[in-house]
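Peer 1: Sequence:
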Amino acid sequence: MPNKILPQAESFITTYPKDTNALSILLQHKEALGWLMNCFIQLTSYDNTYLDYYDFYYRNCPILDVQRIKKSIIGEKPEDVINFIIEAIEKKYYIYLLINTKYIPKYQSKKDWVHDLFVYGYNRKDELFYIADNFDHGKYGKATCTFQELEKAIRYFPQKDFAYQGFRNCIELLSYNKEPRARLEPYRINLSIEDYLESNPTRGWYVNNAMWDEEETRKRTFGITCYNTIYNHLEFAHNKGYFGQGSNQAFFLMWEHKKTMTMRLRHLRRLNLLKEEECISQYMKLEEQALIALSLKLKYTVKSDDRNLISIRSYYDTIKETEEKVLNKLLIQLKEI
4 MPNKILPQAE SFITTYPKDT NALSILLQHK EALGWLMNCF IQLTSYDNTY LDYYDFYYRN
64 CPILDVQRIK KSIIGEKPED VINFIIEAIE KKYYIYLLIN TKYIPKYQSK KDWVHDLFVY
124 GYNRKDELFY IADNFDHGKY GKATCTFQEL EKAIRYFPQK DFAYQGFRNC IELLSYNKEP
184 RARLEPYRIN LSIEDYLESN PTRGWYVNNA MWDEEETRKR TFGITCYNTI YNHLEFAHNK
244 GYFGQGSNQA FFLMWEHKKT MTMRLRHLRR LNLLKEEECI SQYMKLEEQA LIALSLKLKY
304 TVKSDDRNLI SIRSYYDTIK ETEEKVLNKL LIQLKEI
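Residues 4 to 340 in this note's numbering are what the sequence shown spells out, letter by letter.
These aren't lab readings, by the way, just hints derived from the structure by calculation.
As the structure is a prediction and not an experimental result, all values here were calculated from the model.
Misleading hints may appear alongside valid ones.
[To be verified] When the alpha-carbon atoms are kept at most 25 Å apart in a straight line, the in silico DSS-like pairs for lysine-lysine are as follows:
1) Lys114 <-> Lys74
2) Lys95 <-> Lys73
3) Lys306 <-> Lys243
4) Lys80 <-> Lys21
5) Lys243 <-> Lys21
[Said to hold, decoys possible] What follows is a set of in silico ranges between Cβ atoms, one per label pair, in the way DEER data are often shown:
6) Asn275 <-> Lys80: 55 to 61 Å
7) Arg273 <-> Lys80: 25 to 31 Å
8) Asn275 <-> Asp50: 39 to 45 Å
9) Glu280 <-> Asp83: 53 to 59 Å
Just so you know, even glycine gets a beta-carbon here, dropped at the ideal spot from N, CA and C.
All chains should be built: construct the whole structure from the sequences, respecting the hints.
Peer 2: Here is the structure:
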């Protein structure tokens with residue numbers, strides 16, 4: 004085939020490309036939405052700095068097939084890996100792998116830097132691959148690179164980073180796995196909300212802990228306690244005059260978390276599984292407040308004004324207090340289903 008571009012659906016999760024890539028595959032299938040509504044409830048934070056979802060992990064997902072192939076098996080010649088990627092895409096597999104961003108112009112990286120890259124198409128005539136990642140200031144987007152650029156980005160990958168994000172010298176082939184048993188489960192939403200409110204790791208679910216060692220596990224917090232991550236970033240900015248590493252993702256994910264909960268409640272309402280709409284309107288307000296806080300954070304990045312930090316703290320005090328009340332009311336409704 005001279006060229007092939009695999010489709011991508013628009014994802015409602017965009018903080019981290021590992022999640023966006025997976026949902027861009029899954030959301031092409033209407034039946035996947037119900038199962039996904041069971042996810043993205045529980046949060047986890049590492050060292051009160053890095054915030055992530057705990058109840059979704061693409062490598063531990065019943066409706067996503069992930070095949071891991073060692074690069075050494077594919078071959079050592081430059082053309083081997085290129086041909087492998089092309090053949091896999093022809094068979095409708097999406098490619099996920101680690102690369103050295105220095106050799107992909109879209110990253111504008113002058114130094115050796117490791118990152119995960121999603122490849123969803125190719126053009127033989129122009130010798131281009133179609134790629135996706137958080138290229139532009141953390142925003143998910145699409146781009147192209149040449150066959151030669153990708154081959155170099157793989158060949159000159161810093162071997163010391165082989166275990167980054169759990170890839171361990173593998174190239175991953177992703178595809179949809181139709182599983183009739185994977186569907187919306189109100190009881191699952193109920194349990195996850197309980198765990199969130201109690202700051203407990205989610206029980207009996209497809210969780211994101213595949214790469215944690217004992218030390219990292221000890222430094223993990225869960226659920227509503229993760230608001231401390233926001234407060235920690237605010238304190239850091241107050242002391243240093245700038246926001247530290249992980250802050251962009253933390254603030255964006257907190258807003259995205261409220262937006263996704265609003266989406267989930269609307270979905271339950273459409274299915275007549277939610278009797279009252281009050282919870283939806285309350286979460287819409289939380290979503291709005293979290294977005295304002297995110298905007299104030301961006302303003303502080305441009306001009307370090309402590310008044311913005313005070314406002315953000317005030318918004319998040321309100322968000323945390325209100326969310327706790329709304330979720331407790333929601334639990335009463337869900338237990339009646």
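Peer 1: Now look at each hint and say whether the structure bears it out.
Peer 2: Results of checking the hints against the structure:
1. Of the supplied pair hints, the one linking Lys114 and Lys74 holds, its CA atoms being roughly 23 Å apart against a limit of 25 Å.
2. For the given pair, Lys95 sits about 19 Å from Lys73 by alpha-carbon distance, which is consistent with the 25 Å threshold.
3. A C-alpha spacing of about 13 Å is found between Lys306 and Lys243, which places the hinted pair at or below 25 Å, so the restraint holds.
4. Restraint check for Lys80 and Lys21: the C-alpha separation of about 28 Å exceeds 25 Å, so the hint is violated.
5. Restraint check for Lys243 and Lys21: the C-alpha separation of about 31 Å exceeds 25 Å, so the hint is violated.
6. The beta-carbon spacing between Asn275 and Lys80, approximately 59 Å, falls within the hinted interval of 55 to 61 Å.
7. Under the hint 25 to 31 Å, the C-beta atoms of Arg273 and Lys80, about 53 Å apart, miss the expected range.
8. A C-beta distance of roughly 43 Å is found between Asn275 and Asp50, which places it inside the suggested range of 39 to 45 Å.
9. For Glu280 paired with Asp83, a C-beta distance near 57 Å keeps the hint of 53 to 59 Å intact.
Of the numbered hints given earlier, the model fails hints 4, 5 and 7; all others are met.
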